[in-house]
Every structure is written in C-alpha cells, then in structure tokens.
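Number of protein chains: 2
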Amino acid sequence: MKLLEDRIRKDGIIREGNVLKVDSFINHQMDIALFREMAREWKRLFAGKPINKVLTIEASGIGIAAVVASELNVPVVFAKKSMSINLDYDNYETQIQSFTHKKIYNVIVSKKFLTPEDHLLIVDDFLANGCALMGLLELAAEAGATVEGIGIGIEKGFQAGGELVRSKGVQLESLAIIESMDSTTGEIVFRPQPHQS
Amino acid sequence: MKLLEDRIRKDGIIREGNVLKVDSFINHQMDIALFREMAREWKRLFAGKPINKVLTIEASGIGIAAVVASELNVPVVFAKKSMSINLDYDNYETQIQSFTHKKIYNVIVSKKFLTPEDHLLIVDDFLANGCALMGLLELAAEAGATVEGIGIGIEKGFQAGGELVRSKGVQLESLAIIESMDSTTGEIVFRPQPHQS
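From first to last, the protein sequence lines are chains A and B. For what it's worth, full-length UniProt numbering labels the leading residue of the first sequence as 1, then goes sequentially. For what it's worth, full-length UniProt numbering labels the leading residue of the second sequence as 1, then goes sequentially.
Looking at chain A on its own, in the form it has when it is part of the complex:
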C-alpha cells in the first residue's frame, strides 16, 4: 500500500540491527486516519470473505484492530498476555516468544469469545519472525474457528514469519513488506505488491 510505504519512508526511523521504529504513527502514537485507510484497503483485499470477528493481540495490535472492526462492523477479540485474576480459567492458551522484550508470554483467549462459528480476520501491526501470529493461529485452531485472512501493517520480508504463514495457505496481506533497510543511508526497499493500492 503506497500510502503506508510513503509514511514509513517519511517517519520511520531505521536503527542498527534491522530495527524499524514507527512509534510516531503506529505503535505508541497512533495515526487513526492512516489506520482508517489501512482498514479500507483490507476491506477491499478481503472482500467477499464472511468475516464476523477481528482477532488481535495486546497491546499495539488493538488500535488497528478496533479501526478495522469499525470498518467491517464486527467485534474485536484481543488475546491477552499473562493471566489476570479477573479472567475465568476457561481459556485457550498458548505460549509465544517476544524477541523485542526477550520473554516468553502466556497468551490466552476466553473460550467464550472464540468458537467454531467464528470467521476471523487476524490483524496485527508487525510481522517479523511470526511468533505472535503463529500463537494467534494456534488459538484459532484450538477453538475450531476459521481464519479467513490475516492483515499485517508492516512485514519484515527478510525474516521468516511471512513465508511460514503463507506456506499454510492463509491469505496474508501485509500492507508494507520491507525487503531490506539500511540504517546508515536510511534507504528502505519494499517488495512490489501490484494487487494493492
């Protein structure tokens, strides 16, 4: 999606070690007008799919998911990291590793909110190694829900996650796929995606 690629070029900050900071518009400050355009693009890309729920994971996925769900007129369920004493113990549960935070999280979704009747659009801001996404796919599979598609903001195309998920045959639409980036020159190369706007 050209709008997102242009914004990453303009406001993204590349750090050594293939770190891309987009905290001024995606995952700390959130540009909701941009999210709305992203939501409309996913609506177009997943048109005709019987999506009845958006699934994401806390925390930075929630904002994008809420705007997408508003566009699709469906509810959101967000998977929670770690156990809250306010939750029922009747949950689907899996573990995911966060490289950013160097931790392993328990990730849970209440069995009440993921069922075999659900046709999910999974949404998240980033896809790199795919750990979070594989965790969400596992929760959906445990619940017997159908994953109609996956919408990702920014995919690091040089890491394994995208390939891993595409090999499962799920329609994955990352609105910007970074092939390479250079922290010294600031140059970013995006993968061409002619079917996107």
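Just so you know, not all the hints are guaranteed correct.
To be verified - Only pairs whose alpha carbons sit at most 27 Å apart, straight line, appear in this in silico DSS-like list of lysine-lysine:
| # | chain 1 | residue 1 | chain 2 | residue 2 |
| --- | --- | --- | --- | --- |
| 1 | B | 112 | A | 21 |
| 2 | B | 43 | B | 2 |
| 3 | B | 102 | A | 111 |
| 4 | A | 21 | B | 21 |
| 5 | B | 2 | B | 49 |
| 6 | B | 81 | B | 102 |
| 7 | A | 111 | B | 21 |
| 8 | B | 10 | A | 111 |
| 9 | A | 81 | B | 102 |
| 10 | A | 112 | B | 2 |
| 11 | A | 49 | A | 103 |
| 12 | B | 21 | A | 112 |
| 13 | B | 111 | A | 102 |
| 14 | B | 103 | B | 81 |
| 15 | B | 102 | A | 103 |
| 16 | A | 49 | A | 111 |
| 17 | A | 21 | B | 81 |
| 18 | A | 168 | A | 49 |
| 19 | A | 102 | B | 81 |
| 20 | A | 103 | B | 81 |
| 21 | A | 10 | B | 111 |
| 22 | A | 10 | B | 112 |
| 23 | B | 49 | B | 168 |
| 24 | A | 81 | B | 81 |
| 25 | A | 10 | A | 21 |
| 26 | A | 111 | A | 21 |
Quick caveat, the hints were computed from the structure, so don't treat them as lab data. All of these numbers come straight from a predicted model, not from anything done at the bench.
On the provided structure of chain A, position chain B as indicated by the hints.
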C-alpha cells in the same frame, strides 16, 4: 448513558468483592458499535474543547481510545507499561499500582508525543481507585499538556477515584457510574446523570 447502563445490566457479570466482569463487550471482546456510540456521547459532552489528542493506557483503554479518536479526527497516544528495548529512553515516567494484577507498573510516554501544545482527552475503560488515571494526569502534567477532559466507560462510584479526580476540577464524564451492585441478586444501581443521553 442509558445505552451503556442497559448493556451492563444485560451482559455484565457481578462477582463477589465488587468485581464487575464486562469482558464480553468492553475489555476482552470489544463491541465496536457500542464504542462508537460512546465516542459520539463524549464528542457531545466535550463539544467546544480544543482536543487535539487522545491519551490512554495499554491495554484495554486502546480500543475505546482508537474509536473516540476516529470520531474526533485526532491521533491517540497510549502510555506503555514497563520498558521496551525498542523505545527511546527520553520518556516521561511514573509508577502506578494495579490492584487487579497486584503489581506496580512503570508507565511511560515518549517526550516526543506529549508536549505543552497538546490538549488532551484522557480515555479509559474503567475507573475505580483512580491509580491509572492519576498516573496519566501526572504524565500530562510532566509534559505541560492541558487535560481538556476525561472520558471513562464505567466508574465504580463507591471507590475513591472519581471523587479524587473531580476534586481537581477536571471535567470527568463516566458513561456509567455504579453506586452499588449485589453479586447475589445481580442488582446494579447507577448514579443518575441527567446531562447524559
């Protein structure tokens, strides 16, 4: 707001110890259509205020904040719990106590995203003892930002947070204020708010 009060009566679950579970529509599964109506009510209640940003705290505040920000056409900034290695160390920081999770969190906002130019609407799903909200007010004060108002989904009117915040002279609009609830009968008494819809 009658719509929210009715929904709490219908789908809220009262547990012993004054615990109210609203995870089927507010803070695990999120009813975005309801959030949109809440956002419109806040837009009406804070009409005329020069709000240029919504401030909230991860995680369950983010969904409501995103929908409110979409309605007001402004960005969201969410305060983060605990330090991520992807963040700059140039942050406003405070501590808040979570009674639900029995922990003390560091809460941070990048100095880039809260400034003296900001006129904030602070949004969160719940207000009980007010710890999270006092933390957000402190971050806003550190930044020299103006708090134009506070929008809360559900306030536990029998806990101290609401009184504490109102005594500071900030316009606080909780869309449902629970005066009392009874886990044996399921009865909930809401505080009358004739100025709300």
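Legend entry - Structure-inconsistent hints, enumerated in ascending order: 4, 11 and 26
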